[in-house]
Amino acid sequence: MFITQVLNGLQLGSIYALVALGYTMVYGIILLLNFAHGDIIMVGAYVSWLVMAQLGLPPVLAIALSVAACTLVGVLIDKVAYAPLRNAPRLSILITAIGVSYFLENGAQLVFGADAKVVPAYTDLTTVQIAGLTLSFPSVLTVLVTIAATVALTLVVQKTKLGKAMRAVSEDMGAARLMGINVNSTISFTFAVGSALAGIGAVLYAMAYTQANPTMGMMLGTKAFVAAVLGGIGSIPGAVVGGLLVGFAEVFVTAIGLSVWKDAVVFLLLIIVLVVRPTGIFGRTMSEKV
Amino acid sequence: MSEKRPIISTGGRGPAAGGARRTLPMPARYAINAIVVLVLLVLGELMIDGGAINRYQSTVLEQVGIYIILAVSLNIATGYLGQLPLGHAGFMSMGAYGCSIFIIRVSEFLGVGARDFVTGTPMALLLVISGLVVGGLCAAIAGVIIGIPALRLKGDYLAIITLAFAEIIRVVMLNIDDVLGFELTGGAAGLTGIPGFSSFLLVFGCVAVVCFLIHTMMKSRHGRAILAIRDNEIAAEATGVNTTYYKTLAFVVSAFFAGVAGGLYAGCVGVLQPAVFGFMKSIEILVMVVLGGMGSMLGSAISATVLTILPEALRAFSEYRMIAYAVVLIIVMIFRPQGLLGSYDFSLSRIVERIMNRDFPWKKGDAPADAAEGKEVSADAER
Numbered sequence: 001m002f003i004t005q006v007l008n009g010l011q012l013g014s015i016y017a018l019v020a021l022g023y024t025m026v027y028g029i030i031l032l033l034n035f036a037h038g039d040i041i042m043v044g045a046y047v048s049w050l051v052m053a054q055l056g057l058p059p060v061l062a063i064a065l066s067v068a069a070c071t072l073v074g075v076l077i078d079k080v081a082y083a084p085l086r087n088a089p090r091l092s093i094l095i096t097a098i099g100v101s102y103f104l105e106n107g108a109q110l111v112f113g114a115d116a117k118v119v120p121a122y123t124d125l126t127t128v129q130i131a132g133l134t135l136s137f138p139s140v141l142t143v144l145v146t147i148a149a150t151v152a153l154t155l156v157v158q159k160t161k162l163g164k165a166m167r168a169v170s171e172d173m174g175a176a177r178l179m180g181i182n183v184n185s186t187i188s189f190t191f192a193v194g195s196a197l198a199g200i201g202a203v204l205y206a207m208a209y210t211q212a213n214p215t216m217g218m219m220l221g222t223k224a225f226v227a228a229v230l231g232g233i234g235s236i237p238g239a240v241v242g243g244l245l246v247g248f249a250e251v252f253v254t255a256i257g258l259s260v261w262k263d264a265v266v267f268l269l270l271i272i273v274l275v276v277r278p279t280g281i282f283g284r285t286m287s288e289k290v
Numbered sequence: 291m292s293e294k295r296p297i298i299s300t301g302g303r304g305p306a307a308g309g310a311r312r313t314l315p316m317p318a319r320y321a322i323n324a325i326v327v328l329v330l331l332v333l334g335e336l337m338i339d340g341g342a343i344n345r346y347q348s349t350v351l352e353q354v355g356i357y358i359i360l361a362v363s364l365n366i367a368t369g370y371l372g373q374l375p376l377g378h379a380g381f382m383s384m385g386a387y388g389c390s391i392f393i394i395r396v397s398e399f400l401g402v403g404a405r406d407f408v409t410g411t412p413m414a415l416l417l418v419i420s421g422l423v424v425g426g427l428c429a430a431i432a433g434v435i436i437g438i439p440a441l442r443l444k445g446d447y448l449a450i451i452t453l454a455f456a457e458i459i460r461v462v463m464l465n466i467d468d469v470l471g472f473e474l475t476g477g478a479a480g481l482t483g484i485p486g487f488s489s490f491l492l493v494f495g496c497v498a499v500v501c502f503l504i505h506t507m508m509k510s511r512h513g514r515a516i517l518a519i520r521d522n523e524i525a526a527e528a529t530g531v532n533t534t535y536y537k538t539l540a541f542v543v544s545a546f547f548a549g550v551a552g553g554l555y556a557g558c559v560g561v562l563q564p565a566v567f568g569f570m571k572s573i574e575i576l577v578m579v580v581l582g583g584m585g586s587m588l589g590s591a592i593s594a595t596v597l598t599i600l601p602e603a604l605r606a607f608s609e610y611r612m613i614a615y616a617v618v619l620i621i622v623m624i625f626r627p628q629g630l631l632g633s634y635d636f637s638l639s640r641i642v643e644r645i646m647n648r649d650f651p652w653k654k655g656d657a658p659a660d661a662a663e664g665k666e667v668s669a670d671a672e673r
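Keeping their order, the protein sequence lines are chains A and B.
Counted the way our numbering counts, the first sequence spans residues 1 to 290.
Counted the way our numbering counts, the second sequence spans residues 291 to 673.
Hints listed in this document are in silico derivations from the structure and should not be mistaken for laboratory results.
Beta carbons are placed, not taken as given, at the ideal position from N, Cα and C, and that holds for glycine.
Among the clues, some could well be false.
[As the list claims (entries may be wrong)] Just the calculated beta-carbon pair ranges, DEER-fashion:
#: 1; chain 1: A; residue 1: Y209; chain 2: B; residue 2: D468; range: 43 to 53 angstroms
#: 2; chain 1: B; residue 1: D468; chain 2: A; residue 2: L135; range: 31 to 41 angstroms
#: 3; chain 1: B; residue 1: A565; chain 2: A; residue 2: A53; range: 27 to 37 angstroms
#: 4; chain 1: B; residue 1: D468; chain 2: A; residue 2: K164; range: 52 to 62 angstroms
#: 5; chain 1: A; residue 1: M179; chain 2: B; residue 2: P439; range: 37 to 47 angstroms
#: 6; chain 1: B; residue 1: L333; chain 2: A; residue 2: I256; range: 51 to 61 angstroms
One chain only, chain A, in its complex shape (with noise of 0.2 angstroms):
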């Protein structure tokens, strides 16, 4: 009973830990709060749901579609609404963000009409036993998948070369530019990473919930947000850490039969680290911002 909620709580924390990180990378190169993000969890899930339950085809199909999907969207999103403003107050690109979270919502509502879908199994296996234990598998995979998309985003930022122009643009825009760093296309590739996150999170959420709705990305996006702050925003161990946190702190409450007010615990949780860490746990001069 214990491990099973302790794995409940791994595998919602990786879900916001996923979509956490993509918040924390946009919001370290161009400090931008980017409030479609969740929404493109909801995109990811909806083609998820197109590719196997309208086409039928196979679900690593529908899970290479829907990363591919998001990826796309998440850039789409960078070059029409927000590239045009780059110099622009940073408070109108804050109302360009949320009218394309609008605009995402009302368009699959539109589309796909306002009622929840079902988004078939990924897969027939439901449980696994590692020593001796039964888990369900979608808790161990989820686990599993935000370990490796973690690592292997920390190799990129530290180790590629468009790693270490992120990081460069993240420190000083005008400093990258003067460099010779194509600042354009490092900030769509930031966006590409984000939401390539989002819909590898897309895919274990609609695993872990089989369901996708229009506004599903509102309270996710929400969480995942708080996620990131609580970790510091600008830090990618501080996403992840977050992300844990606040999955555990749900998952508890909702133990303890208080499940009602779990939002207002994991909000107030996110006030008390404020307070007495005013830029998070991982605050920014601790760790390298992306």
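Position chain B against the provided structure of chain A, taking the given hints into account.
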């Protein structure tokens, strides 16, 4: 209703052609504005009584007034103080619940019936006004509790912590009854039995009073201190402005008026449900402020009016209206990032003075440029 932005000084431009520029004395300015507001209020009331505006339209008008108050009150924290609170709906709900619970309980105690609120007996009127003040005070107390920790943070951290507080308020409103063991907010089912006390005159009277109070506050020493904090917090502190005090003051005043608007909202719709005061409501109000132009009271009022009436007018196309809304939002921000009016504000007395001086915009030459938009906005852009 809306008046000129106080920091734009009319002096120092040199005399208009043909001698000293004639100006209006302050009492005359106030008198002119008061008369215009009264005439507009009476005109509106006559149109409603005469049937030129039907029941549905007057309800929409009340909503417009409520959103105007919400937008101009958020404008204090956003446009004048330069912070980004995302929890305005939280203050609104504090005010709505505070006002409704007060009015319901006290009218029960005093034996004032629902009928009295419609006909407007002096007792009911007194009750409504004290209810609105109670609502405002509830919101202001919440503003102090939220403001003190939140204002230590900067920028986006402040945004997220206010969002968090507003969500907590919503969850508390939803579940407090189970904890207390008696009925206070009505939980998810909602608080019912609120007398429908909002009327055109009450709402727009409040709009006029709120706009007047905000205008005079911003024109005073305290208002200048708040503007100084927006422009450069460190410089303001160095010149002796108590930044913590003034930031909290602006925040609390903003919360107070949001609470008043919440009370009016309760009297307009009659039922309160916590779900209404979610994150999206805060965003809706913020959109009004930014779209109209931050720091412009007229801009807030106009965009609150348009954004409240537009969805009603587009009911026939209800499937597409939210998409249209989103697209308009994105397009306006791309082509006019400083908002529709920038920081320009309307001043009736300035127009009267121009007429007195025969100084019209179409006359080339020494006509002073009144809207100092460009400069204002470039200062905002650095934030």
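Looking at the structure, which of the earlier hints fail to hold? Violated: hint 1 alone.
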